[in-house]
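Start from the sequences, fold in the hints, and give me the full structure.
Sequences listed follow chains V and U, in order. Mapping the first sequence onto our numbering, position 74 (from 1) lands on 74, and the numbers just tick up by one. Mapping the second sequence onto our numbering, position 144 (from 1) lands on 144, and the numbers just tick up by one.
Derived by calculation from the structure, the hints in this document are not laboratory data. Heads up, some of the hints might be wrong.
What the hints assert, rightly or not - Within a straight-line C-alpha distance of at most 27 Å, the following computed BS3-like cross-link-like pairs (lysine-lysine) qualify:
(1) V/LYS181 - U/LYS244
(2) V/LYS181 - U/LYS125
(3) U/LYS244 - V/LYS182
Predicted, not measured: the structure shown is a model, and the values here were computed from it.
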Amino acid sequence: MLESLDPRVNRLGLPDSFGSPFGSSSLDQFETYEAFVMTKPGKPFEHVGIVHAPNEEMAWLFSKEQYTRRGMIYCALCVIKTENVKVSAVTDNDLDVYTTIEGEYSGQEKDSFEVFHLIKRGKQHKHSGSVMAADFEDAMRSANQSIERPKTVYNVWIAKTEDIFSSDEEDADIWDTLKEKKYRDAIDYKAADKIKAFKEEQA
Amino acid sequence: MNVEALKDLLYKMADDQLVLGHRNSEWTGFGPLLEEDIAFSSMAQDKVGQSWQLYKILNELGENDPDTVAFMRNADQFHNCQFVELPNGEYDFSLIRHFLFDTAELLRFQFLSESSFEPLALLAKKIKGETKYHSMHANIWVKQLGSATEESVSRLQTSLNEALPYALGIFEESKFEDDLITSGIFKGEAVLKEAWMGEITKILNKSSLSLPDLTSIEPITGGRNGIHSEHLQPMLDEMSEVFKVDPTAEW
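Here's what the structure looks like:
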């Protein structure tokens, strides 16, 4: 194994020569979860980022701290384990990713799936609808039929509804914090006039 | 309405929030991981904000202004329970204190949202989101570390055992207990303690931690009457250091 002075590099267990397989020992880090927030009731969940966590409840907590701020600009937060999010192909040049899929929707309603669309490169995936289907590929075909697409979709994420860990509707008030906290705002320290007056006094 | 009884209640609550808020703020920059650093810091600010609101109510009842009350009193004039003034220790102790205290805090404000004293009922409703999240945060961590590894479980258990005599001191009764209950201001410490035991038991049962028999523990009291450990005065000195340079300064 390649040795480095940086412990973070050593932890990766890099093989000695290029091209040889990585060691089988698992990485010393938590699994990743994708975090999504809802900013207003009725608005879709939007992807905000990733957290490392030992389980979904902790992932939810870390996401709350990392991706939401106080004030009623959020009303719900959910996380999905990254490995449970299936990602479609990526298209560009105004080519809708749904035009690249093959096969017909089975019509089966085995599982419920949530569908997230990327409609602008560099922006975040947004929740676009739910479908019933047999599996992930089937869910993609079902979404193609049933979810309206006013704009070109470049990439699709699909997750099983049961794999989503979300805050309860009644807990939206955890973002409704006390407004009177002026001492939190650095903007409140308006000292320019006082400094000017002090300098004039000293001169 | 007995104003003395009301002030007694407000002072002990405000002092609890201020002192624990300051203790929690000492985690800023030292949290065991970034998210916890942020969480403890922002919960600290919530608590200081809540203490300010309570001092403002006291001010309307004729007490000094909030800054003077917060920064110019000595330890023996503070009515917080001794639990909140203890040093942070390791994260395990801070987490257990956060869990035990904030469960009581949530329940106390839930009771107070039905208080006959309107300003307090209004405040309790305004901060219900903050107190709910504090408790939620503590519960998730206790469930996690209380069942994660042998080390995390044993460290939390040790801290729990050490913290409980102090935690029971939260519910030290005042001489105004009956006044508060009969006037419908507050249901009283005994009722609060019962509800608290139910809640902490519920969460601890979801972990590998065990709750010792609380009836066999002698509560550490005195804080409500100005009797404190040696840790409070140095903390107050540090907290008020800047303010005392020039108490008349406008910020």
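Quick rundown of the hints versus the structure:
1. V/LYS181 - U/LYS244: holds (22 Å)
2. V/LYS181 - U/LYS125: Given pair V/LYS181, U/LYS125 holds - Cα atoms ~17 Å apart, limit 27 Å.
3. U/LYS244 - V/LYS182: This hinted pair holds, its Cα atoms lying about 21 Å apart.
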